[in-house]
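Order-wise, the sequence lines are chains H and W.
Residue numbers for the first sequence follow my numbering, beginning at 1 and rising by one.
Residue numbers for the second sequence follow my numbering, beginning at 1001 and rising by one.
Be aware that a few hints might be false.
Straight-line distance between alpha carbons at most 30 Å, and here's what the computed BS3-like set of lysine-lysine pairs gives [as the list claims (entries may be wrong)]:
| hint | chain 1 | residue 1 | chain 2 | residue 2 |
| --- | --- | --- | --- | --- |
| 1 | W | Lys1194 | H | Lys404 |
| 2 | H | Lys113 | W | Lys1170 |
| 3 | W | Lys1168 | H | Lys72 |
| 4 | W | Lys1170 | H | Lys79 |
| 5 | H | Lys13 | H | Lys317 |
For the record, the hints were derived by calculation from the structure and aren't laboratory data.
Being a predicted model, the structure only gives us computed values, none of them experimental.
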Amino acid sequence: MEEKQAVPILEMKNITKQFPGVLANENVDLELFHGEVLALLGENGAGKSTLMNILSGLVRPDSGDIILNGKKVDISSPKDAMHLGIGMVHQNFKLVSTMTVAENVILGLDNEKFILDMKEVRKKISGISDHYNLKVDPDSYIWQMSVGEQQRVEILKLIYRGAEILILDEPTAVLTPQESNELNGIVKKMTAEGKSAIFITHKMDEVMEFSDWVRVLQKGKLVSVTRTGDTNPKELANLMVGRDILFRVEKKKSNPGKVILELDKVFALNTKGVDALKKVTFSIRAGEILGIAGVAGNGQRELTEVITGLHKITSGKLVVEGKEMTNKAPLDLIRAGVSHIPSDRVAMGVVGDMSVASNLAMKEYRRAPLTKYGILHPKRIFNMAKGMIELFMIATPSPLTNVKFLSGGNIQKTILAREIGACRGLLIAAYPARGLDVGATESVRKDIIAERDNGKAVLLVSEDLDELISVSDKIAVMSEGKVMGIVDAETADIESLGLMMAGVSLEQSGEKEV
Amino acid sequence: MIVLLTSILAITLRAGTSLIYATIGEIYTERSGVLNLGLEGMMLVGAVSSFATVYYTGSLSLAVFVAMLTGVLLSSIHAFLSITMRANQVVSGLSITLFGTGFASFLGQRLGPESNGRYLIGLIGEKFTPIAIPGLSKIPLLGALFNQDLLTYIVYLIIPIAWFYMFKTKNGLNLRAVGENPQTADAMGIDVLKTRYLYTIIGGTLVAIGGAHLSLAYAPGWSENITGGRGWIVIALVIFSMWNPSRAIWGALLFGGINAVQFRLQASGTNIPASFLNMLPYLATIIALVVMTWLENFGKKVGAPAALATPYMRGEK
Ligand SMILES: Nc1ncnc2c1ncn2[C@@H]1O[C@H](COP(=O)(O)OP(=O)(O)OP(=O)(O)O)[C@@H](O)[C@H]1O
Ligand SMILES: [Mg+2]
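Only chain W is shown next, with the shape it has when bound in the complex (with noise of 0.2 Å):
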């Protein structure tokens, strides 16, 4: 039993990983006011790029980067259209996802060897494999947790930086206010544009390091739709979370969670449909925003930040 659940917890970690990055990216960029919807797009193209690259160069990093650099560049697009153009980021974010995706499945059938008809699919290359820690691994259970690839231990260390980043230093606090009241952090001598450009950025490429770590650790190579919609699940997830950074991980546990159950469920052949599995999550985000608003009524503030996916202009009322 404990092996099984040793084995459920591993899995749910490695399915989380992806989970984790993509969400607490998005946190940041939110916390600024910028709603990015183009979160599948960038997760699938960041996978796409760093399993090319590790295909033919063998570098791990350089994928990582490669796929950092799509990151900076999709959210670089989002973030001009948004802040600068002052469009609306609901369509900027979804047109975004709808060319991430389907660039992505274009550089899947191009990038390929003349052999493979230049294909990715079906492909094999280096990956992130697990790192067992010597002593800390054979721990019961919690071994689990010491027996991961790279990115999950550095996952690990994002976590609680995001989290004190964002609520112990002033480069945070100035990120809040600019997302809850621009026209305050304006006249306070925060640059609110300047803010907007650079937590869009810095989420960005943590979203595409999500990407990544699919096609170099969980499910290493490339197939269409690796991403399995983790891109719109984030956007529930950081509801989930309250836009706190160190609640992402409950979140993508338990979405990873519900991956891992799944996975061990099909394999042991039971007649609970998978469809059901896959409601899961979604449930739970619909019942964490129940629980949300009526919080709210007893005057606690854990909502979206105010100003969440609106532009702003100095001199503009």
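Just chain H, same shape as in the assembly (with noise of 0.2 Å):
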């Protein structure tokens, strides 16, 4: 490629930015080039998310200059963003879930017309769906849609808002492989048009494809700036969390005992009143990692719920070492040794009004020594929480911190180290890599085998496939609330597991029943 000595769209110098107790960018700069994509990388905490809502207008930073198109200016809410043309996916989705899908995309906008034109606006909508081949229904409500549904949403906001610049923020963190590919293909289309993009995300395949330039954050601080061309996932692993990555763990043989988990023709009915579960059929062992693999949606998180006590069973039978533990509370469950990492960390994971040790002791504090005679020891809790935070490397400013103002990967953290450290027999893992950073990702795979080397059984829920293989030791498939066959991990391939996941049958799709 010819090297042009082109001048940034943007540019942003120096910015700094220190919250109570951190400090999230420290000198920072950064420029993006006219119709390229600029990957953001770094370690959960790094400061990217809060260096891009500097950027659209809902951090000020202490210090630094923003220049757009050669001329500075002063973006002092999302509104002044707006008008410059920046538009962000925020991590966390911005939708008001009780409105439809036009209303949330004309959310305070000045040139609407006072007397809302809906049929107006619904035709602009479909026309951009169309033309970025983007499904969505204008008069779909938020709170029906799956994340798929309305991530879209969010890109659908950007390109009516008519942003120059868009900003992703883990866009993909919670799509599936599929959906993922869907949106990056949406992004590159978009960018061939002219428009900018400054891409965050953990997934090296989706840096290595999608971007030209790479800039990588370290404890708020710029530390690499590259074009992708010239570097590789491993070098880029290495830049972020300062050593080297292996992004397939290694694991020993697997030593079965005892069955802790069953499951017997297990059904259940989803919220809308439709069979989610249908005949559900396993058992785990003990020192035994079962995967689940299938597109979301198919049934895993009924499947986590139910054997957690949040979802009825209406047919079959739930067995935990040896009890039945059939539609129990969730309480009797915990009782039972039974640990649970949430797909939703945010609604189900913790509490954000609560500190982090609070959090972390929110399993535990029921028995001694962190209670007794029913009251609460504070001074224990703190102890625990310190060792816990340093054992599983959570970047917070104390234990005492609100765990709302942590960053997102270390609230998955935060409830890894509560699960992990409270669990006694069965362990329930959904997506617990999500949002996670690639040092991070690796040790939760690591903490996982760990728990299966202790002799606990754990059932692992994931859309990634290379994590599946590398961690189980036998897959089940699900497909539309059947478990459609189970592997082996170590033989599985990627293939025919793919065929499974689309409904094909074991026998059908090449793979060996174990």
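The task is to assemble the complex, starting from two chains supplied on their own in separate frames and drawing on the hints.
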């Protein structure tokens, strides 16, 4: 490719932002060129979202300049950013769930008519939908949509608002591989049309495939700027965390013991009243990891909730360590030794307005030594929390900081620490590496394998087939609420797993039953 | 019989007017995410200030204007405390009610003429009288709709306008977003704090007009506790209307109707205790709440604005 002396359309110079107890950005520089994609990488808590929030007007920097098309600009609110053509898809969806797609799209827009012309809006939306092949029904309510569809609405919003600079903060973290491909295709098309994008992700293959430039942040500081073509995933991972990363974790051969979890012909309905689990039957032994593969929405959520007592079983049997636990309360299952890393970490995993220490103690607090005669022992909770924060490397200013102030990845680490700490027989882990940086992903996988080696039974739900193959001992593939087959992870290949995920039965897929 | 029903309907509308003003006002306030429990106090201050004004000046429009001013003032205090200072909205609202109740009573004993011992109680001033619309007011039963005072006619207009504004205009959409999800509204370029101030004050103004209707039309004059707890009934009515201005009319008519029937029953000397009738509105609210929860089980979202009574600050996660 020819090197042209291009001028960046956007520059950030010497950006510094101090939060109470954390220097989130320190003298960070950034350049974005017309029609190009810049990948912004860094560990959890490195300050990526903060830097982008500064650009979109949600956070005010303490110092530094933003230069757009050669002119210094002041972005003091999201409205300013919008007027300058900067649009952002945030790490947590910014959608009003009780409103329709169309209403969300025009929210806060000055140039809509005073009396809303929803027909016109709908027409514009379907125009965009057709052009970018973005399938959304403008009249659906957000709360009825899957996360994948919601992400499409976020993109639609950017386009409708005429953003020229797109900021995408981990847009693919919650998407299935298919949905991620679709989204990346749209971003490609938009940059081909002359828009420019800043893309945050923890997935190295996306970085390599879609970006032109890479910038790496480490603890708030810029540590590397390279052309994507001049680098590789290994080098980038090393730059981020300062050590080499194993993309595939090592593990010993499993040594299964007695059966810990048994599901026998389990049926359950989803919230719409349709069968979500159909005759699900499998068992997991101590010292064994069973991976659940499948496209999201094929019963995985119901499966984990049935085992943790959060969802009703309509027929069939659930047995934990020899005791029948069908439709028992969540507390009974916790007492039976079941730990749960939920897929929706903000809603089900933590209480944002409570401290890291309290959240870490949220399971063990019922027992000595954290509690005595029903009275909590704050000092012991504090010390336990300090230990866990060190062990799991949770980046927080103090154990007493409210969880909501942590970065997305560190919230996930808090849940992991608590659930692994409290696990006494069975660990249910749904998408445990979602949103984690490469280093944290590696250590989570190691932690899960260590639990297995400690004699725990583990159920691992994931969309990442590489992860399933490298971490699990056996893999069950789910499609439309049915288990299509259970195969040995060591001999499984991605292609036939993919076929089974699409609903092809085990015999036809060419895999061997175990 | 028709004559009796017509008169009950007429009284119902008269009794319902102040409730509708206040309900629509509070719906707008709550839709922006601010809970104002100061209604009772604001209605009382609106009632006393407007009556005092009309007593001395004889001008009804000036009286309504003064009531509106008190509404702006008191709701600004609430807005400042709950939006800028991020105080607990329940506490702030309750203190407005406590202050308003005491202050109205104080004014009622100080603003009167020397000859009446400075009391306002027992005085007579100008009042809004029913204006019969020729022709329409002669229709049996429904004629009651067209034999009302000016403030009631205005409320007929306010209901559809308030509904249209909330659900069909850009500003209404932004208002609802602020009350549902201020983080999102902010990221979408809506000024959350400004929106909340605006609708808290507009809401307070309507509430005060509701108070003025009591002392200028429904029960002309000033008496202690002229609202008879209407400020609290309105809190229930807002829930009953599911935060939709067009439904405010049904709740208000029900409550006003119970008032009217009570009036009639007492006149005819029945033995149904008054407290039983007083209880009915609250019972209706409880039933409405049960029905709403039941509807939500079927996936319909009809509840309170999600961010009701939660302060917002940018950058606070
Ligand atoms: N509003 C806030 N108040 C206090 N601290 C904050 C706030 N927002 C972010 N932080 C802190 O600033 C640091 C950087 O956070 P940021 O969200 O930018 O990280 P990130 O790089 O996006 O991480 P992740 O990959 O986990 O999303 C973190 O330590 C975080 O706890
Ligand atoms: Mg982030």
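Item to complete: Enumerate the violated hints, using their earlier numbering and listing them in ascending order.
Response: 3, 5
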